[in-house]
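Chemist: Protein chains in written order, with my numbering: chain A, 217 to 593; chain B, 217 to 593; chain C, 2 to 330; chain D, 2 to 330.
Honestly, the hints are just simulated from the structure, not real lab data.
Note that the structure is a prediction, hence the values are computed from the model and not measured.
Beta carbons are placed, not taken as given, at the ideal position from N, Cα and C, and that holds for glycine.
Please note that the accuracy of each hint is not assured.
As the list claims (entries may be wrong) - Residues from chain C that keep clear of chain A, each with C-beta distances beyond 12 angstroms, as calculated:
1) Arg21
2) Arg40
3) Val124
4) Tyr153
5) Lys207
6) Lys247
As the list claims (entries may be wrong) - Below, in silico cross-link-like pairs of lysine-lysine (DSSO-like), each with a Cα-Cα straight-line distance of 27 angstroms or less:
7) Lys47(C) <-> Lys399(B)
8) Lys401(A) <-> Lys47(D)
9) Lys401(B) <-> Lys399(A)
10) Lys452(A) <-> Lys452(B)
11) Lys401(B) <-> Lys452(A)
12) Lys247(C) <-> Lys47(D)
13) Lys457(A) <-> Lys399(B)
14) Lys523(B) <-> Lys47(D)
15) Lys452(B) <-> Lys401(A)
16) Lys523(A) <-> Lys47(C)
17) Lys47(C) <-> Lys452(A)
18) Lys452(B) <-> Lys47(D)
19) Lys457(B) <-> Lys457(A)
20) Lys399(A) <-> Lys457(B)
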Amino acid sequence: MRSTNETAAKDRSNIPPKSEAVAPQVIGPQGVANEATAPEATASAAPRWQELGLSKNDLREMYYNLLIARTLDERIWLLNRQGKTAFVISCAGQEATQVGFAKALQVGHDIVFPYYRSLALTLAMGMTPTEVMLHQLSKAEDPSSGGRQMPSHFGLARLNMVSVSSPVATQLTQAAGSGYASKVKGDDKVTYTFVGDGGTSKGDFHEALNFASIHSLPVVFVVENNGYAISVPVTKQMHIKNIADRAVAYGMPGVVVDGNDLLEVYRVAREATERARRGEGPTLVEAKTYRYRPHSSSDDDRAYRTKEEVDEWRHKDPISRFERYLEEQGLITKEAEQSVRTRAKQAVDEAQRYAEAAPNPTPDTIMRYVYAEEGQQ
Amino acid sequence: MRSTNETAAKDRSNIPPKSEAVAPQVIGPQGVANEATAPEATASAAPRWQELGLSKNDLREMYYNLLIARTLDERIWLLNRQGKTAFVISCAGQEATQVGFAKALQVGHDIVFPYYRSLALTLAMGMTPTEVMLHQLSKAEDPSSGGRQMPSHFGLARLNMVSVSSPVATQLTQAAGSGYASKVKGDDKVTYTFVGDGGTSKGDFHEALNFASIHSLPVVFVVENNGYAISVPVTKQMHIKNIADRAVAYGMPGVVVDGNDLLEVYRVAREATERARRGEGPTLVEAKTYRYRPHSSSDDDRAYRTKEEVDEWRHKDPISRFERYLEEQGLITKEAEQSVRTRAKQAVDEAQRYAEAAPNPTPDTIMRYVYAEEGQQ
Amino acid sequence: MPVKTVLEAVREALFEEMRRDENVFVLGEDVGQRGGVFRATEGLQKEFGELRVLDTPLAESAIAGVAIGAAVRGMRPVAEFQFADFIHPAVEQIIDEAARFRYRSNNAFSCPVVFRAPYGGGVQGGMYHSQSVEAMFAMWPGLKVVTPSFPYDYKGLLKAAIRDNDPVVFLEHKKTYNFPSIKQEIPAGDYIVPLGKANVVKEGTKLSVFAYGMMLHQSLQAARTLEAEGTSVEVVDLRTLRPLDKETILNSVRKTGRAMIVHEANLFGGFGGEIAAIIAEEAFEWLDAPVRRVAGPDVPGMPFALPLEEEFMPNPAKIAQAMRQLAAY
Amino acid sequence: MPVKTVLEAVREALFEEMRRDENVFVLGEDVGQRGGVFRATEGLQKEFGELRVLDTPLAESAIAGVAIGAAVRGMRPVAEFQFADFIHPAVEQIIDEAARFRYRSNNAFSCPVVFRAPYGGGVQGGMYHSQSVEAMFAMWPGLKVVTPSFPYDYKGLLKAAIRDNDPVVFLEHKKTYNFPSIKQEIPAGDYIVPLGKANVVKEGTKLSVFAYGMMLHQSLQAARTLEAEGTSVEVVDLRTLRPLDKETILNSVRKTGRAMIVHEANLFGGFGGEIAAIIAEEAFEWLDAPVRRVAGPDVPGMPFALPLEEEFMPNPAKIAQAMRQLAAY
Ligand SMILES: Cc1ncc(C[n+]2csc(CCOP(=O)(O)OP(=O)(O)O)c2C)c(N)n1
Ligand SMILES: Cc1ncc(C[n+]2csc(CCOP(=O)(O)OP(=O)(O)O)c2C)c(N)n1
Ligand SMILES: [Mg+2]
Ligand SMILES: [Mg+2]
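Using the sequences and the accompanying hints, generate a full structural model.
Modeler: Structure below.
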């Protein structure tokens, strides 16, 4: 992290300079026309993934990203039961939304303000399982916080992934500010921010969307609507059906997407990205999804939802759904799946091994970095 | 004020018990069917005021209320120029909106959370010009604050008009809380709250409307859109045309009304009131209007708007407009107008005379009422 | 008498007050069906229904504003902030509105809301689930700020807070909630512990320690160690920070001549400064040694990793060490 | 050298910094075309355009959040809160976010925002346009809090704040803005006054007074009265409250043996407590008298009516009286 900071010191920015050339077109083969991504086009003969301009490699990468997230997530719960980590907050069930967005953004160029449930996003963007595990186990090398923050409070300067805090929804106006910085600087970076359904009830949501819309900022607001804010169901959080409908209040597009449909999420993410990149302003995306686990390892969800409800959603699992799709498309075999799983497991094993062996932060470091140290930014 | 407080002490409420019988129908003759108040009905042959169930007396009272507000307002500016009052914040231009709402609510039964521009509302609800003047001149007898608050920070327990503070928009969630109290108590009181266009940018707006809509609370949110938040025009405050359109985000009706059309404001106010009284929930009303004066006596509006713009709106003056209407309807003569004016002027003269002679608060009272005193509520 | 935890005491106070007065109602995030993330409101919704035990949207400013609006209407809202760390969005409502209603209206309106919030660390809550916010609220006239330490006081003070006619910020140290050794016998029925009164929980002669919340217990333990070493330490549980019981504080210092304040919040700008200042001003002649503060280090949050968290927290050993130094001055 | 008011000094600093560094930009309510309600940003939009001098919607939490987000991107935002009274909605962003970015990310991110806010009373602003909020921010590690008194320092400290790599709450006492006798000759060009250094503005031997903002000037006037009466008073302008220049404070007390702190904020829980506590702890042996605080009374806001406002405000006469008492102790 020290070196990241030094980079930052040079260009007076906390975010390292982009490593790739600016491209108005996002990841994917050249020449994919905009209309190819429009919804109506999906009815044509070519398979959906081709229409979306994705390569087989892209699909395999996305599949791996879903799996590594789930595998790591499950491992962390295991570690928690073993008493090796005090706190878990899980993304299980929401992987497709996060992997879909990760695919649509230009890592290291665009800016991301994630939230505590962004594990799959984080991994898909390129935080390594080992880095995640160092964070989860609060080790000195934890690149997100040096063990200072709770697990899942991600942040990684080299990915332009801005440090997460616990207070819900504070990232929203910050993302608007990042979008404003792009406007002032005249760059073409898109800023993405992620928040839960509960977080949209806070005034920050209103203030952020209002600000972003007034200035037509390149910001994509992604709501991962998993139906609950801890125990409070969306029906007690708001009086309307779709959070995305609130976009009307800001004169920006609001899109509802099935958050468990990876390709559809990717399509929506790409459209919002392109719109932002073209300077046409912000988009509000609501991904309808579900969390399988209790809110966190401190929660007991049996107090507020039924096993049946959870099971029902487990049947709509975004990973098996994508798996089936790949199988139907003849893009993957059962054996290949197994080998991807094995690869994910190995990566997680290795991450755990490394992180468990890594040293804890030492007490004498507690006073560091309250303010910039001599000669630092 | 002491006695009000004692009343409050008895029923454990800060608001005196209602003085009139509960009536689901608002002020106006019996038997006015709901459909008679619907917009389409205004196209029929009977004059609009009759269709709205207003009597000639009602109209005269409303006319007086417009005039007394304007007269008092102008007098206060005069006192300011004479160095007799340090601060003025004016409602001139916005009287019709306020008088229209005052007419629709049941004073002393319903609850009102006004804002600093609510002079006409305040007077129309029954605060006397003398009481206003005592407040304006920060006298010990000032019933709103005992001289502790800036002028126009109204509040009067006997009217159920809750004390205004300066921070913008804080009254909105409080009004929602008052609506919630009505729901818990099972009473039929309607809560009204008033806010400027600028105030709708603050998170409070979102949180309050969201809360009120979730619980279907009897709250009417009134936005007096006068085009500016001090110098910031609405175009820099939001990216949509109508604030009322934001009602969509809460699943509640949003109504735009010409705030300078007294009868139309009254109609809308009554509908929102009836809806609330019937338990059908909150309404957002946006009254489009204009302030003639600088934001306050500390402002200089020449920095941000043209004289032409102000003049244009002065031509749409809500008071002359109502005057013309009354004349057209043969409900008032030039002489009658003059006598109403004279009555208003006399009331203001008397208010000024009394208030100027009234004693200032004495320094020894500064420590009082930080907390409840012995034996008080 | 039944033995209760701090958490049980809080819950019992809520049950009893809601039965006593139908204007009392509870609102906050997850307080209903879930019974609160710490279970302080468990069972309330079952007995009193959804209207009086209300799950709010995630919007702290609204939680406070709604409570205030209801209070102005004669209700007695008890608003829960899930963690004291998340009370910040409500600061405007609490200090500009609740705290000022009575004063600004010259006594025409008042605002009897209780703002409950679990505070403090030592539970691996990390930077955003461990904050101590007492100084931030104790500085505003119009508010009362209560920070009990023992189950008996929790129950009696919470009841007093609910019945108080002014707004009260009621801070519950989350580490004490279920701490086994903090259990206490408390009466099942109604009783009140008045706001604004400190409590000398251990008499002593050589030095006076002032603390509250978890740090009161840690100080008490340190005091026992010192006692065993032959140094008699007086421990005062402040219980209420505003209005502060200056008399009890000054009497104690006048007796012992040495004063120590212990809190978990950051040292600089913490509430200890106010106590030290009062002692330095009003008990100057009695002081035999400098007023000593033991507090959390000046870092922007309690780190999560255990070695760092332990480094942050004042504990009986650190406090005892400071006591020895002060006694030896 | 031209003679400037405090307000002119602030404005000049903004102009110069915006010219020097294109990452500096200003945002807030009415800061653009209107030039700010106090005119601190007058002319900026004309020179730097709407993008860099931005009229925001009325939403303080967004003002702070947007500034923070832009700062994380390498910008140097100067966010204006129209009155310090209205900074409260931004408290979460300032203390949970800005103050903690560096620490929570273990130095990977930082947040160089300047949060400007006019504070203080004595201008008939009433309960909500007169607040002093310094103690509320000075208590949070990760923030710096600056409260200059003289035009020269305003300019130099604001420039330092803008160039600082951490968030700074920059508080401007609004009564000093155009106060005629506070005008001062200040250089037209670039200079810096470093954060964290107090300034002995008047040397003296009998007692030390610590103050900032308008109260520094009132204390200075009182000190001159005392001087004329034969009592030599040292006056220290704290300038920065966090990081506090303890050394200068303690040196002064060690010299005079008597300490007084003057601030306009409420006494109880005000920043004076921290200073008194430091003196009581670290200069105990040198103290010949109790540490004395002179401050606003403990009421929830400065009343509007003149007789009440005057009663609220510490003034040279009241301060001089307290000085006499302290000197005579
Ligand atoms: C401002 C604030 N209030 C309360 C909390 C406590 N809290 C943490 S997560 C959470 C629920 C969030 O729900 P949602 O936004 O839907 O996200 P999800 O966890 O379901 O993904 C709450 C209440 C918090 N962290 N911040
Ligand atoms: C929270 C807050 N921020 C800023 C201010 C300063 N201020 C007072 S009135 C005002 C503009 C309000 O505009 P609007 O809501 O449109 O009401 P209007 O005065 O136009 O009726 C501002 C910025 C304030 N009083 N409160
Ligand atoms: Mg959720
Ligand atoms: Mg306006």
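Chemist: Take the hints in turn and mark each one as holding or not.
Modeler: Now for the hints, and whether the structure bears them out:
1. Arg21: Given a closest Cβ separation of 27 angstroms, the condition holds.
2. Arg40: For Arg40(C), whose nearest Cβ neighbour in chain A is about 10 angstroms away, the distance does not exceed 12 angstroms, so it is violated.
3. Val124: violated, 9 angstroms
4. Tyr153: holds, 28 angstroms
5. Lys207: holds, 31 angstroms
6. Lys247: holds, 33 angstroms
7. Lys47(C) <-> Lys399(B): holds, 19 angstroms
8. Lys401(A) <-> Lys47(D): Satisfied, since the Cα-Cα distance of roughly 19 angstroms is no more than 27 angstroms.
9. Lys401(B) <-> Lys399(A): violated, 51 angstroms
10. Lys452(A) <-> Lys452(B): violated, 33 angstroms
11. Lys401(B) <-> Lys452(A): holds, 20 angstroms
12. Lys247(C) <-> Lys47(D): violated, 56 angstroms
13. Lys457(A) <-> Lys399(B): holds, 23 angstroms
14. Lys523(B) <-> Lys47(D): holds, 21 angstroms
15. Lys452(B) <-> Lys401(A): holds, 20 angstroms
16. Lys523(A) <-> Lys47(C): holds, 21 angstroms
17. Lys47(C) <-> Lys452(A): holds, 17 angstroms
18. Lys452(B) <-> Lys47(D): Answer holds: Lys452(B) to Lys47(D) is near 17 angstroms, not above 27 angstroms.
19. Lys457(B) <-> Lys457(A): holds, 24 angstroms
20. Lys399(A) <-> Lys457(B): With Cα atoms ~23 angstroms apart, Lys399(A) and Lys457(B) stay inside 27 angstroms; holds.
Checked against the numbered hints given earlier, this structure breaks hints 2, 3, 9, 10, 12; the rest are met.
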